[in-house]
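Generate coordinates for the entire structure from the input sequences, incorporating the hints supplied.
There are 2 protein chains.
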Amino acid sequence: MSDLKNRQIKLAARPVGMVKPSDFALSTEHTTQPGPGEVLVKVQYISLDPAMRGWMNEGRSYIRPVGIGEVMRAGGIGRVIASGDAKVAVGDTVTATTGVQDYALIKATDVVKVDPRVAPLPRYLGVLGMPGMTAYFGLLDVGQPKPGETVVVSAAAGAVGSVAGQIAKIKGCRVVGLAGGADKCRAVVDEFGFDAAIDYKHEDVRKKLREYCPKGIDVYFDNVGGPILEAALANLAAKARIVLCGAISQYNAAADDLRGPRNYMTLLVNRARMEGFVVFDYAARYAEAARAMAGWIAEGKLKAREDIVDGLETFPQTLLKLFRGENVGKLVIKVSNG
Amino acid sequence: MSDLKNRQIKLAARPVGMVKPSDFALSTEHTTQPGPGEVLVKVQYISLDPAMRGWMNEGRSYIRPVGIGEVMRAGGIGRVIASGDAKVAVGDTVTATTGVQDYALIKATDVVKVDPRVAPLPRYLGVLGMPGMTAYFGLLDVGQPKPGETVVVSAAAGAVGSVAGQIAKIKGCRVVGLAGGADKCRAVVDEFGFDAAIDYKHEDVRKKLREYCPKGIDVYFDNVGGPILEAALANLAAKARIVLCGAISQYNAAADDLRGPRNYMTLLVNRARMEGFVVFDYAARYAEAARAMAGWIAEGKLKAREDIVDGLETFPQTLLKLFRGENVGKLVIKVSNG
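Heads up: the sequence lines are chains Y and B, in that order. Under UniProt numbering, the first residue of the first sequence carries the number 1, and numbering increases by one thereafter. Under UniProt numbering, the first residue of the second sequence carries the number 1, and numbering increases by one thereafter.
Please keep in mind that the hints were generated in silico from the structure rather than gathered at the bench. Hints are supplied without guarantee of correctness; some may be wrong.
Chain copies aren't distinguished; within one or between two, either way the pair holds.
Straight-line distance between alpha carbons at most 25 Å, and here's what the computed SDA-like set of lysine to any residue pairs gives [what the hints assert, rightly or not]:
{"#": "1", "residue 1": "303", "residue 2": "286"}
{"#": "2", "residue 1": "239", "residue 2": "288"}
{"#": "3", "residue 1": "146", "residue 2": "320"}
{"#": "4", "residue 1": "87", "residue 2": "112"}
So, in structure tokens, the structure goes:
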């Protein structure tokens with residue numbers, strides 16, 4: 001077991017502005033046997049998430065930064081191939097914070113067993129994983145949409161946005177999605193069932209929001225920040241709720257180029273609120289959300305889609321694909337067959 | 001009665017950037033007798049409010065803009081000198097949207113009778129008027145401070161801020177105020193009883209907030225926007241509430257110079273929210289607030305202070321005094337003895 005070669009993608013440098021492949025370094029180490037209370041996981045898929053950009057920065061956040069020379073943090077799913085804990089057996093499929101590597105040595109209490117017969121493995125990193133939980137609690141708990149209200153979702157073709165919009169539809173809302181390019185907009189409407197999509201790269205977002213949301217936006221689920229957030233702020237209904245889920249347009253900006261929403265005072269005029277959340281706070285309710293999502297998938301009301309790229313070594317390039325907005329649905333890397 | 005000369009300050013031009021005296025024009029007209037359902041009020045005091053700057057702009061807001069050539073909108077208090085309505089008698093003291101003029105012809109249903117023996121008249125434009133209502137509902141309903149929490153208030157020497165901070169103290173919070181200059185900071189601590197004051201003109205606001213709020217800010221009551229809002233965002237506690245009451249630092253900025261809080265994503269990291277409100281929404285509960293405030297004043301827990309400038313004709317200059325932050329407490333103009 002200790003002869004297994006473990007490729008690891010480590011953080012080599014703190015990025016300045018847009019993340020670059022040279023911010024990472026690939027190295028190969030040998031795996032070690034799990035000690036008592038540990039398990040060794042052969043990674044099958046890893047999750048690529050916008051939040052990764054934040055983890056690469058120095059400084060206080062909701063989670064500590066990845067250190068220089070440390071394996072890049074990532075959620076993953078894989079098979080247990082050696083176990084030092086009676087509660088986890090060899091052969092179990094588990095999700096965990098595996099990091100970007102072939103093999104992960106993890107505390108047994110930090111893995112979550114999943115049933116590989118219930119859903120394809122990448123789905124546990126998407127709709128049934130953190131992005132799904134994020135969409136569920138962000139939309140329902142923070143956004144509190146009511147039937148008949150108008151919900152707008154940015155990055156609507158992405159892992160979180162596509163699910164948030166579909167849940168809003170299930171809850172009886174009118175849903176408008178924003179995405180970049182005609183293909184993604186088509187997916188938003190045809191595949192994910194939104195009422196309308198706006199191509200932010202080629203359309204006048206403010207004008208289109210006014211057209212599609214004639215009574216104003218009741219809930220805006222924001223994954224992007226920047227000018228799209230400003231366009232939403234310019235079209236709020238009274239008592240609107242803005243769910244701050246992410247700001248991918250800002251993550252790669254240098255500190256001096258960061259941009260706040262210049263028209264945030266529309267929150268006052270509209271008696272509206274803007275609220276952030278961190279999905280980990282809802283850990284005690286993940287099971288509730290997973291049950292609801294699995295039910296909706298079974299009923300055909302919720303479509304899950306994954307965008308799968310092959311090969312651990314592609315990580316630095318595939319992460320760029322995420323920040324360029326080139327994925328539709330949940331972006332994952334396939335590391336091995338397990 | 002129709003021989004009374006009525007000086008009126010009218011809006012002459014929509015200001016670009018900082019309001020200028022030439023944006024107003026003084027003219028004199030004759031008063032007319034009240035028709036049925038109207039009253040004629042001899043104005044004694046008018047209220048100067050940051051919101052006035054917004055009323056001077058074209059465009060949709062929570063209230064329609066003042067038109068060019070119209071009397072500038074203002075809250076005021078005065079004595080009824082002629083009445084066309086049985087419910088309002090000559091000699092009654094009333095508050096109303098009088099406008100900046102000597103005499104106001106107003107619908108009887110739009111005036112509110114007050115008792116001039118209970119409090120000095122300017123107080124009905126301050127603690128017992130809109131600024132007091134704004135502080136009360138903004139802090140308590142939107143901010144929801146809990147005993148022991150840390151509350152920060154900007155423009156703490158102003159009409160709204162001084163009251164919001166005092167109410168927070170009454171509710172058992174630690175309260176830190178921001179004001180410009182040593183004199184105002186002294187008033188904030190010595191007169192209004194805040195636990196500490198930060199002189200934003202001469203001190204490092206971020207550092208001082210960190211020092212005075214070691215556990216972070218639970219409620220930030222914002223009257224100013226701009227860099228001070230950013231400093232507060234940089235020092236939030238988990239689950240913080242930012243009450244958007246105003247943004248006086250931004251009101252005179254040209255549209256291109258408007259600035260949003262660049263670090264608004266601290267709302268996400270801290271699971272915090274930023275929420276706007278409009279005091280008029282609470283009209284049904286004004287009596288509740290006025291009773292509470294009058295009680296606190298009687299018990300010596302709430303200090304009211306007015307900054308009184310003499311002469312209707314000073315309005316354009318006195319409004320600048322407000323935007324320069326030169327007032328302590330509620331700024332009013334004395335128009336007549338009634």
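Hints and how they fare:
1. 303 x 286: within (19 Å within a copy, 50 Å between copies)
2. 239 x 288: Close across copies (23 Å), not inside one copy (28 Å); limit 25 Å.
3. 146 x 320: Answer is neither; intra-copy 36 Å and inter-copy 45 Å both fail.
4. 87 x 112: Classified as within: same-chain Cα gap 11 Å, cross-chain 73 Å, threshold 25 Å.
In summary, the one numbered hint that this structure violates is 3.
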